[in-house]
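Line order of the protein sequences matches chains B and C.
Numbering of the first sequence is given in our numbering, commencing with residue 962 and proceeding in unit increments.
Numbering of the second sequence is given in our numbering, commencing with residue 962 and proceeding in unit increments.
Simulated from the structure, these hints should not be mistaken for laboratory data.
Careful: at least some of the hints might be erroneous.
The list makes no distinction among identical chains, and a pair is therefore deemed to hold if it is satisfied within one copy or across any two copies.
What the hints assert, rightly or not - Okay, derived cross-link-like pairs now, SDA-like style, lysine to any residue, Cα gap no bigger than 25 Å in a straight line:
#, residue 1, residue 2
1, K1000, A1198
2, K1100, R1058
3, K1030, H999
4, K1022, D1112
5, K1100, D1078
6, K1100, R1053
7, K1000, A1026
Protein chains: 2
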Amino acid sequence: MTAERRQRRLIAVGSGKGGVGKSTLTANLAIALARLGHKVGLVDADIYGPSQPVILGNQGKKPIARDEKLVPVESEFGIPVLSMGHLVEPGRALAWRGPMAGNALTQLIDAHWGDVDTLLVDLPPGTGDVQLTMLQRFKPMGAVLVSTPQDLALIDAARAGQLFDQAEVPVIGLVENMAGYVCPHCGELSDPFGRGGVETAAERLELPFLGRIPLDLAIREGSDRGQPPACGTGALAAPFHDIAAKVDAWIGAQS
Amino acid sequence: MTAERRQRRLIAVGSGKGGVGKSTLTANLAIALARLGHKVGLVDADIYGPSQPVILGNQGKKPIARDEKLVPVESEFGIPVLSMGHLVEPGRALAWRGPMAGNALTQLIDAHWGDVDTLLVDLPPGTGDVQLTMLQRFKPMGAVLVSTPQDLALIDAARAGQLFDQAEVPVIGLVENMAGYVCPHCGELSDPFGRGGVETAAERLELPFLGRIPLDLAIREGSDRGQPPACGTGALAAPFHDIAAKVDAWIGAQS
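Construct all of the structure, not just a fragment, from the sequences and the given hints.
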């Protein structure tokens, strides 16, 4: 292991269940942590369903290889990123069995990350090869778990948490996503996926609750358009910066 | 291959991306197809994140084994089901590499399905071991793809479609989920995940569009509570029965 790698910390962002906003959280958390002074890189470990090139608006760019290792792709937000989405044709399915997916993760993490000190890893759903390869080869310093308030998502988040526990990776905390939708007609709040379930789950599991991100059309549109809300300063950016501040404090407390 | 297996058709329900309502659609489609006279069974192939025991309200039941094969678990809706959720402790993570997940799928499909003539397979997200094992060992008659209207979900649905194409499994059609949310305060409709994107994608891919399921708190609550809306007869049940009628017509046209 080189000195470069010894100094670099990995933070995993996982969910258990897909479609709960893990990739959106990871991209925005990366931008918010960079604003706090970290040199942040992002590994999109969702080998079969990479979203980061779209979210960070750098699809179409290709990483080059140097000395048989990949060089991360820059994004306009100062976050270098590596994703299978940069390596395969858009819309092309990767019909890969697990060992290949595990090897792909290794290529993405064991790359020329240069002066990056904090590498966020956007995990795929499930508790399979990618998760196991990461835990066995690149043990993260900590993990952030994201869930919607729906029971079915919480069950899977608890499963993911258990996997980190078994591997003795501390869970930094839980994030509730898609909580609270403001009707564009009347401005009133309602909760299509429920509300508060993640905070209650965090209490039950004795884990910190890091914050709540609303279900907002603008966040979804920003993600589809390559404009993560954390770049801005408004109400949409605030929850991401609050969560980043808590993760930053946690990192500080470890050293 | 026994006569029993020759006569049984497999219909895969896939999405590419997780969290788009694939399991909810599968359970409700199973109930609706059963009402149309099919003998329907359900395989929950989401090995790492099984949801069917919760959705069909039979968690806690255990399948027995006979002659080294599993006997499916009954649900109150007349749909026998096999899921890893029936075989592992609730909340327990299956830290399995791909080949084990593929073997698990084989155990679930190659079971005592008795007089079931139509086996719906609720696929996990991605295009990995479970999908490949299914396509290689138990080629489905056709596949239903579900997506939300969000670009990021559509990209993954197209990836899943490509995998079925490569395997020469016909795509029966696309379903749009989480389209249209009625504000509980003012009753007006809005679209947190956009609207119409799946129908447009179906046109572009020259695939049938099977229908649209609204984002409705009652569907989410029914899924968390083990009461699938297709059991009822109201407005919430209608889209599932319409989709089932189209799938039924497609099945009829194959023979």
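Against the structure, the hints come out as follows:
{"no.": "1", "hint": "K1000 / A1198", "in the structure": "within (19 Å within a copy, 51 Å between copies)"}
{"no.": "2", "hint": "K1100 / R1058", "in the structure": "both (22 Å within a copy, 17 Å between copies)"}
{"no.": "3", "hint": "K1030 / H999", "in the structure": "within (23 Å within a copy, 54 Å between copies)"}
{"no.": "4", "hint": "K1022 / D1112", "in the structure": "between (38 Å within a copy, 19 Å between copies)"}
{"no.": "5", "hint": "K1100 / D1078", "in the structure": "within (15 Å within a copy, 47 Å between copies)"}
{"no.": "6", "hint": "K1100 / R1053", "in the structure": "between (30 Å within a copy, 21 Å between copies)"}
{"no.": "7", "hint": "K1000 / A1026", "in the structure": "within (21 Å within a copy, 54 Å between copies)"}
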